[in-house]
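Trainee: Work the whole structure out from these sequences, hints included.
Protein sequences appear in the order of chains B and E. Residues in the first sequence are numbered consecutively from 1447, following the numbering used here. Residues in the second sequence are numbered consecutively from 64, following the numbering used here.
Keep in mind the hints are simulated off the structure, nothing from the lab. Do not take every clue at face value.
Stated by the list, open to error - Just a sample of chain B residues kept apart from chain E, beta carbon distances all over 10 Å, derived:
#1 L1461
#2 V1469
#3 N1544
#4 R1685
#5 M1693
#6 Y1765
To be verified - Here are the in silico distance ranges between beta carbons for each label pair:
#7 B/V1756 with E/V107: 31 to 39 Å
#8 E/P128 with B/W1622: 30 to 38 Å
#9 B/L1623 with E/R83: 29 to 37 Å
#10 E/G257 with B/E1516: 35 to 43 Å
#11 E/T232 with B/R1584: 55 to 63 Å
#12 E/A91 with B/P1630: 55 to 63 Å
#13 B/T1589 with E/A97: 52 to 60 Å
#14 E/Q338 with B/E1516: 49 to 57 Å
#15 B/V1627 with E/Y90: 38 to 46 Å
#16 B/G1586 with E/V107: 33 to 41 Å
#17 B/P1506 with E/V107: 51 to 59 Å
What the hints assert, rightly or not - Partner residues aside, some chain B positions facing chain E, computed with beta carbon under 7 Å:
#18 T1458
#19 F1606
#20 L1612
#21 L1613
#22 M1614
#23 G1618
#24 P1635
#25 V1688
#26 G1714
#27 T1720
#28 V1732
#29 N1737
#30 V1743
#31 A1750
#32 I1754
#33 V1756
Every residue gets a Cβ at the ideal spot worked out from N, C-alpha and C, and that includes glycine.
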Amino acid sequence: MTRYLLRRFASTVVLLLVMVAFVYVIFYALPANPAVLVCGKGCGGGQLAAIDHKLGLDQPEYVQFWHFLEGIFVGRDYSSGPDVSHCAAPCLGFSFQNDQPVLSLIGQRLPVSLSLTTGAMVLWLVIGVSAGVLSALRVGRFTDRAVTAVSVLAFGAPIFVSGMLLLMLFCGYLHWLDFPVYVPLTDDPAAWAKNLLLPWFTLAIAQAAVYARLTRTGMLETLSEDHILTFRAYGLRERRIVGRHAMRGTLTPIITLSAYDFGYILVGAMLTETLFGLPGLGQLIVQSSNNVDLPVVAGLTLVAGAAIVVANTAADLLYAVVDRRVVLT
Amino acid sequence: MTAELITEAGAAPEAPARGRQVRRRLYADRMAMAGLVIAVVMVVAALAAPLLVHLEGQDATTYHPELLDSARGGVPRGSFGGAGGAHWLGVEPTTGRDLFARALGGARISFLVAFGTLIVQILLGVGIGLAAGLGGKVADAFLGRLIDLAISFPQLIFAIALLAIVPGTFPRPILLMMVIGLFGWGGTARLVRGQVLSLRTRDYVSAARLSGASRTRIALREILPGISAPLVTYAALLLPNNMISEAGLSFLGIGVRPPASSWGQMLSTATTWFQADPTYVLVPGLLLLVNVLAFTVLADGLRTALDPKAPSLRGGRR
Chain B
1447 MTRYLLRRFA STVVLLLVMV AFVYVIFYAL PANPAVLVCG KGCGGGQLAA IDHKLGLDQP
1507 EYVQFWHFLE GIFVGRDYSS GPDVSHCAAP CLGFSFQNDQ PVLSLIGQRL PVSLSLTTGA
1567 MVLWLVIGVS AGVLSALRVG RFTDRAVTAV SVLAFGAPIF VSGMLLLMLF CGYLHWLDFP
1627 VYVPLTDDPA AWAKNLLLPW FTLAIAQAAV YARLTRTGML ETLSEDHILT FRAYGLRERR
1687 IVGRHAMRGT LTPIITLSAY DFGYILVGAM LTETLFGLPG LGQLIVQSSN NVDLPVVAGL
1747 TLVAGAAIVV ANTAADLLYA VVDRRVVLT
Chain E
64 MTAELITEAG AAPEAPARGR QVRRRLYADR MAMAGLVIAV VMVVAALAAP LLVHLEGQDA
124 TTYHPELLDS ARGGVPRGSF GGAGGAHWLG VEPTTGRDLF ARALGGARIS FLVAFGTLIV
184 QILLGVGIGL AAGLGGKVAD AFLGRLIDLA ISFPQLIFAI ALLAIVPGTF PRPILLMMVI
244 GLFGWGGTAR LVRGQVLSLR TRDYVSAARL SGASRTRIAL REILPGISAP LVTYAALLLP
304 NNMISEAGLS FLGIGVRPPA SSWGQMLSTA TTWFQADPTY VLVPGLLLLV NVLAFTVLAD
364 GLRTALDPKA PSLRGGRR
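Mentor: Pasting the structure below:
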């Protein structure tokens, strides 16, 4: 187990380093003139030379890459004469358009993304798992077919279309909700939840479809196993068999997938955040891409990659914790 | 020589019978047939777009301010977004451009990018999958890791990142195909690698190897035909996915640029109009939804027809 953990940790670190190199090459080595991209539209020649110097772009590539790495682990200073901007570790870059380190931009957006992802995850787990169990218990009958049909529809629908349809129904037609405006949880919990309802459901509907299918398959598989047959023969109540024993076998893949999805949606809910105007990480990467604010895009790409890698590792570890039969080697 | 005799003896007599069986199963699948009809109608409409738009008597770029109600912020006059005999699906708010023409333009972009991306994905996926499966231990270890990476990485984020650094003058649809394809070949490669690993121990492949066939020849003549069925079904499933990716990127404002139209781009401008002019939202939204579902159901039907034992999207008995 310890050896596995060490190896897994080492491979995670290697993967992260590869990613750092990849992001560096894409954003700083490949473009002909990164200063133009970093500065954004409408920068003059003098400004460009200053940025070149400030970012160290006038130095050889390997020195630049070293500074890039150095920034991530110990922080770095961007200086041109008297104008010094310090970027503390982990320095993911400096956004000249916002005049802020990328990390603090990310910090401002993180609560929104966390709110969105956590709420949606609770919803999709509840909806998906219960629909899947229901479907498995009524296999082949009307409930099962209805659940399956709805989940094909929910899974197939592009998320910005289903979100838009929800918006039209609940804001435009029924007038039950206003167009969402993000309110921090600490300001007003009720308004926070009310405004996030539509984004939560939009994400949850698409995700619940996957979880329903996964639960249904897992449940059917577990229910046909021998030990369940034995429980039935003992005369255990059906509720107990399903709720305690069959559920355990079913939950394992669901928990691992949740860990992965959480990491992914935290940084990758671009479509939902853009549709509902939520100022989260996904919206930040889209806006920065549209404004050609490259350090932010590069920093977020790194964060996204890291989130996925970490979530993947967490998912594998959880797998072993939940299912004792799994031996990690 | 020996190899040819063996494969031909093995494959030839059953092939036509199998094709007929697959077609019969597909025809019997009502959902899949509905999907097929919708898909064919839409593709034909997209191909014949200039003709249809000419028939309607409109074009995608002319502004029609006279059809808009300026007192209400530029909403089209009349019900259903100004739909009628002259403008079959109504007009766009604030500009008055014909929605039918723009929607068909969106269909062309959607299919063009989806099919183009598919070609990139298949070429990369099959190439890397074959190389991993047949290339020996080191190649497999390296490529296998690469495939894992390609699958687990957030496709859309990397696509956005790449799109940010490419100059705006590069033709957008081609760029989209390359970017979506570049991050979307992982699934195909994994499928191909898995199939290759199970096929390469078969007798007919050993026979080909013993008779001195080169590795490339084995890959192309012996293995590739054997994996065509799962590859076709997988490719069919990729198509609707690619349509969603293109629409998504265009929705985010990073995909197709105006004046070209795309369903995703139309939807993003429609976001603010969902109360005043619902038709404007519904036209691109439902087109995208219906097409994606049609292609998905068709692909699923194809999979069940080719391999009735495979688990279907639509559940089934199990």
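Trainee: All the hints need checking, so say for each whether the structure fits it.
Mentor: Quick rundown of the hints versus the structure:
no., hint, result
1, L1461, "8 Å, violated"
2, V1469, "8 Å, violated"
3, N1544, "16 Å, holds"
4, R1685, "23 Å, holds"
5, M1693, "19 Å, holds"
6, Y1765, "15 Å, holds"
7, B/V1756 with E/V107: 31 to 39 Å, "48 Å, violated"
8, E/P128 with B/W1622: 30 to 38 Å, "35 Å, holds"
9, B/L1623 with E/R83: 29 to 37 Å, "54 Å, violated"
10, E/G257 with B/E1516: 35 to 43 Å, "42 Å, holds"
11, E/T232 with B/R1584: 55 to 63 Å, "57 Å, holds"
12, E/A91 with B/P1630: 55 to 63 Å, "56 Å, holds"
13, B/T1589 with E/A97: 52 to 60 Å, "23 Å, violated"
14, E/Q338 with B/E1516: 49 to 57 Å, "52 Å, holds"
15, B/V1627 with E/Y90: 38 to 46 Å, "52 Å, violated"
16, B/G1586 with E/V107: 33 to 41 Å, "37 Å, holds"
17, B/P1506 with E/V107: 51 to 59 Å, "57 Å, holds"
18, T1458, "12 Å, violated"
19, F1606, "5 Å, holds"
20, L1612, "10 Å, violated"
21, L1613, "6 Å, holds"
22, M1614, "5 Å, holds"
23, G1618, "4 Å, holds"
24, P1635, "27 Å, violated"
25, V1688, "17 Å, violated"
26, G1714, "5 Å, holds"
27, T1720, "6 Å, holds"
28, V1732, "5 Å, holds"
29, N1737, "9 Å, violated"
30, V1743, "5 Å, holds"
31, A1750, "5 Å, holds"
32, I1754, "6 Å, holds"
33, V1756, "12 Å, violated"
In terms of the numbered hints stated before, the structure departs from hints 1, 2, 7, 9, 13, 15, 18, 20, 24, 25, 29, 33, listed from lowest to highest.
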